[in-house]
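Asker: Okay, here's what each chain looks like letter by letter:
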Amino acid sequence: MAASGPVLTPLELTRRRRAWAGWVRVGRLERGGLVVLALTTAVALLAPLLAPYPPTTALPAGSFAAPETHGLLLGSDELARDLFSRVLYGIRASWLSALVVIASGVLIGGLIGTVAGVAGGWLDTALMRFTDLFLALPAAVLVIAVVAALGPSLPHTLVAVAIVWWPWYARIVRGEVRAQAVRSHVDAARLAGVGRTRLALRHLLPGAFPAVLVTASLDVGSLVLILAGLSFIGLGSPPPAPELGAMAARGMPYLFGHPWIPLAPAIAVFLLAFAANLAGDGLRDLLEDH
Amino acid sequence: MSRRLLLTVSFLAVAILVGSACSSTPPSPPQGGEGGTLRLAYLADMAQADPDVFYDIEGNTVILSVYEGLLKYKPDSTEFAPSLAESWEVSPDGLTYTFKLRSGVKFQDGTPFDAQAVKTSFQRRLDVGAAPAYMLQPVASMQTPDATTFVIRLKHPVAPFLHYMASSWGPKVISPKALADHAGKDHAQTWLNEHAVGTGPFQLTTFERGQRYELTKFADYWGSKAHLDKVEIRIIPDIGTQRLQLQSGDLDAILHSFPQAELESAKSNPELQVRDFSSFLNNIVYLNTNKKPLSDPALRKALAGAINRDTLVTEVYGPYAKPSSSAYPSGLLDPTLAPVSYPPSETTAPANTGKLTFAYTADDSGVHRRMAELIQQRLDAAGFSVTINEVQLPQVFDYVKDLQAAPDLVMQTNTPDGAHPDMWARIEWYSTGGLNYLGYKNSQADKALDQALETTDKATADRLYGEAGKIVAQDTAIIFIADPRDVMVLRKNLTGVEHVPNYPWALNLAALQKG
Amino acid sequence: MARFTLTRLASLVGILLGLSVIVFLLQAVVPADPVRAMVGASATPQIVEAKRHELSLDRPLPAQYAQFLSRAVRGDLQMSLHTRRPVRTDIAAFLPATLELAATALAMAVVLGGALGLLTARGGATSLRVGLVAGASVPAFLLALLLLIVFYAQLHWFPGSGRISAELEAPTGPTGLLTVDGLLAGRLDVVRDALAHLALPALCLALGPAVALGRTLRSSLQTVLGSDHIRTARAKGLTERGVLLRHGVRPALNAPLTMTGLQVGMLLAGVVVIESIFAWPGLGLYTARAITSVDFPAIVGVTLVMGAVYVIVNALVDLAQVAADPRLRAR
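Residue numbers (my numbering), protein chains in the order written: chain A, 1 to 290; chain B, 1 to 515; chain C, 1 to 331.
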């Protein structure tokens, strides 16, 4: 592609038209999901500014204040802390954690997958067997093992989950890289003498990008749920850190008398996962060329 | 497949499921208070039904309904009542115990009960050598001069010995025929894991591990027969699910761990009654006196004051616990002999105190979690820096191996095996005590306890126990937080509710009536 | 075929070894004293040491691992600390319940996911999709409790816990799967009751995999529908539905089959929480108790069994893939 400059070739025009048509094709629900996610990212980044109270301070309103009393939107929890502020901080923790795990999974998996796909031969087989081993391990056991070894804390849990997450991406990237490798323009480049690394970086990886993005976007929803589940069983930041899963778990004994305490964080998890799922579907519709 | 077909199939599937669900018949109601099936739930499997191995709390209802010991406690009391022994005598030197046994008693397999059966069971407990065997370790010899007399000679005086006999974990009499028939290579432990033959008012007729147990009324029981026909105990690990079933009428009682904060709403439910009983449960926090910074007694005192214990107890337990006034659970010893108090103080932690780790085991009612977080909140506000860590019980038992690596604070709720001060102090703060998790050592307290064990005069012994308690309290090695009550939520139609403070989480099932 | 089986067996053994090593390492890292918890607070030091010796817990970890291996190859998974029965017996007792639950959940996931994929392949069926995605986005413990509150406590349509109503005295053999045993014994009341008890917990487990499956199938179908031989089929004059069903589905099964295999892993993981809430007497419940008792022999045993199930299922999935898509056979 030698084109540079403002003139658009007919091919590019078609591409752009297709892209717009694609966006239009994305349903309203999916667009709503994307909007929610954008909002969530904003909330996650701005939580310290948006929250009316610090998440761990005991307020004079006392424990179990009802919603919309004492100026507390969702009332207070069993330790007299503002539930709304804790949910905001919890969203921050869940969302940023999910993004961090996905990013590291993509990086590690992408690296291994690219090397395997480009190298081929015994290196490819060895790396893929290694990947299969991780895919075959029951994730729960591995996560518990790592966290037990390192001690319960959020960074340790994220490391453990990332260890379990990357194999997926390794497989996808390898698959895409090999599919791209047999495409004509790549063949041409190779015949022209382009080096392997350059080949990988400029021709193979960009082709793998859409598949990875699709998977990543769909994964975010599951990841939010998995992280919530892990902090539910105590593998996450130790109390009093506001983490949605832990808040829901510790709030369960109050479910019938003071339902907001476990329900507010659980609903937050649900909204996040739901929006991520819908948005992921939308992104997939947008990026996959059918 | 067309959409219509898909919908039809789904509709049929749902209809089948709903139809099947609605077709189960409810059990027939009891007539005039007699008969009926009581439905209870356990949060976890009982693991062993063998009374010489069993050492948990949940499961007491089964053991106490199927087996009997020589003595038992009267309801709401620490006084002894005759059980398989009609009367008993202790020699003045405290070494010989003579029990006059009941006659005409039969085991659930028809074998007649006699002194030899008692000896066989007691010897078996020593042979099995599991958790409750310590109660018979001081026994020098056992004699059976005739069929209704059983004599025990001890190696040295043991003040709480009669309490051992009455304890829910005390020696129970198992049918000698069953012991012989299923002896195998392990004194019948494998068989008694899941079967039972005792003399009690109920028989263990079903033991489906992980699922349910069933007790059936023993028609030839020597005492007042049970009113209920059957007791069904289901294993339901989630307290929320148990609660739903209680409210829907599928369970008749929740005997423990009802979510503490929900008791008020349970009270206002017209179909339920909330009953609370005195108990010997004690919520305490151990402090690691072997490691900085809590090796400093002044700092321990300051920490105890910073918790503001009394308001803590009211907030977490509501009306269902009292702040501890003694180093001993209330009712075990005259509280003036070993008083404790922690007046709130506005201390701030000294600048370089460092981080404190606080470990606790979770309980299903949510109390431990909330208590731990509240303590953390208050200590943090006083300038300490506390990390809390939820652990499992076997991990707590491991701390004593490396006290420098162990946490600084450990919270537990414990109960003595019997209603005697020795059975509390010895396990809690004796230097080799089994529940002395953080290895507190004080030779003066040990000496006082050793003396008290062999003292036959109750007043002197009590004073010595008091001394031991005072030492622990002054050292602030343990912070005694609360004496919780044993709280149960029952359906309104249950009557004949009898409870013994030293049999936690259990009711006298033979006295219960439904409807 | 023989080569396939051999390579799969080899990988099974390798994975089981890896799992066992990880769990043993875990034992080294989580300091706990289950012996003390077993023998009680008042046991003498001699009794404690005797018990420790009996359980080989006084030996260094590598020696313990060697002993574990030498017994495991003979099928002996040692004694559980909290039930004091052989772990093998415990697993045999609790496995059928979990298998029945997982299989029902998988069947539900396949049906729901299949419907989702097929109906949304050409757009449409939005309410089904939104409903399923919403259900799959609710945290498992909350979904379970909500279903119980609505369908058990309020509507009384389904039972509150357990596998079967006690009054029915269901047959206990030969498979341990109540639906199958009920059918074999001709007891339709048992089958109906078992299905009623299965409904809610299986639904909770099935939603996540259903959505994943549906997505994969949809994506796969869309790829296939744009390909050449579909165009040919269309040109032949078949209706869209006919094209979809007769020529679209089979080649599109590859990815969804793989996804099904992978989702079995998610199912087995979800079982621990679901079995606790629904009081389902299966391996999940057993595992939860093993964790609170820090009962390593039981934990190792369960991990190995779950791992083995997962590997076997995926091997079957690979076989099914080859059957579905002849093009793969050429390899």
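Heads up, some of the hints might be wrong.
Residues of chain B placed beyond 10 Å of chain C at every Cβ, according to the derived structure [claimed, not checked]:
#1 Ala44
#2 Gln48
#3 Ser103
#4 Ala130
#5 Tyr134
#6 Gln137
#7 Val151
#8 Ala183
#9 Asn193
#10 Arg234
#11 Asp238
#12 Thr347
#13 Thr357
#14 Gly433
#15 Lys492
#16 Asn493
Derived list of chain C stretches under chain B, where covered just means 3 residues or more per stretch with a C-beta under 8 Å from a C-beta of chain B [said to hold, decoys possible]:
#17 173-187
#18 207-221
Worth flagging that the hints you see were computed from the coordinates, not collected in a lab.
Yeah, the Cβ is synthetic: ideal placement off N, Cα and C, and Gly gets one too.
Asker: Please go over all the hints and tell whether each is borne out by the structure.
Answerer: Tested hints:
Some Cβ of chain C comes within 10 Å of the Cβ of B/Ala44; the nearest lies about 6 Å off, and the non-interface call is violated. The claim that B/Gln48 is not at the interface with chain C is violated, since a C-beta of that chain comes within 10 Å of its own (minimum 6 Å). At roughly 33 Å from the closest C-beta of chain C, the C-beta of B/Ser103 stays outside 10 Å, upholding its exclusion from the interface. With a least CB separation of 7 Å from chain C, B/Ala130 falls inside the 10 Å interface cut-off, contrary to its annotation.
For B/Tyr134, the condition that its CB be more than 10 Å from all CB atoms of chain C is violated, with the nearest at approximately 4 Å. At roughly 7 Å from the closest C-beta of chain C, the C-beta of B/Gln137 falls inside 10 Å, breaking its exclusion from the interface. For B/Val151, the condition that its CB be more than 10 Å from all CB atoms of chain C holds, with the nearest at approximately 24 Å. For B/Ala183, the non-interface assignment is confirmed: its Cβ lies about 17 Å from the closest Cβ of chain C, beyond the 10 Å cut-off.
With a closest Cβ-Cβ approach of about 6 Å to chain C, B/Asn193 is found to fall inside the 10 Å limit, against its non-interface label. B/Arg234, annotated as away from the interface, has a beta carbon of chain C within 10 Å; the closest lies near 7 Å. Not every C-beta of chain C lies more than 10 Å from that of B/Asp238, the closest at about 5 Å, which undercuts listing it as non-interface. No beta-carbon of chain C is positioned within 10 Å of the beta-carbon of B/Thr347; the least distance is around 33 Å.
Every CB of chain C lies more than 10 Å from the CB of B/Thr357, the least distance being 14 Å, so the non-interface label holds. At roughly 7 Å from the closest C-beta of chain C, the C-beta of B/Gly433 falls inside 10 Å, breaking its exclusion from the interface. Consistency note on B/Lys492: stated as away from chain C, and its beta-carbon is indeed over 10 Å from all of that chain's, at 18 Å minimum. The Cβ of B/Asn493 sits about 19 Å from the closest Cβ of chain C, beyond the 10 Å cut-off, so the non-interface label holds.
With 0 residues having a Cβ less than 8 Å from any Cβ of chain B, the segment 173-187 of chain C misses the three-residue criterion, and the hint is violated. Against chain B, the segment 207-221 of chain C contributes 0 residues with a C-beta closer than 8 Å to a partner C-beta. That does not satisfy the three-residue criterion, and the hint is violated.
Checked against the numbered hints above, the structure violates hints 1, 2, 4, 5, 6, 9, 10, 11, 14, 17 and 18; every other hint is satisfied.
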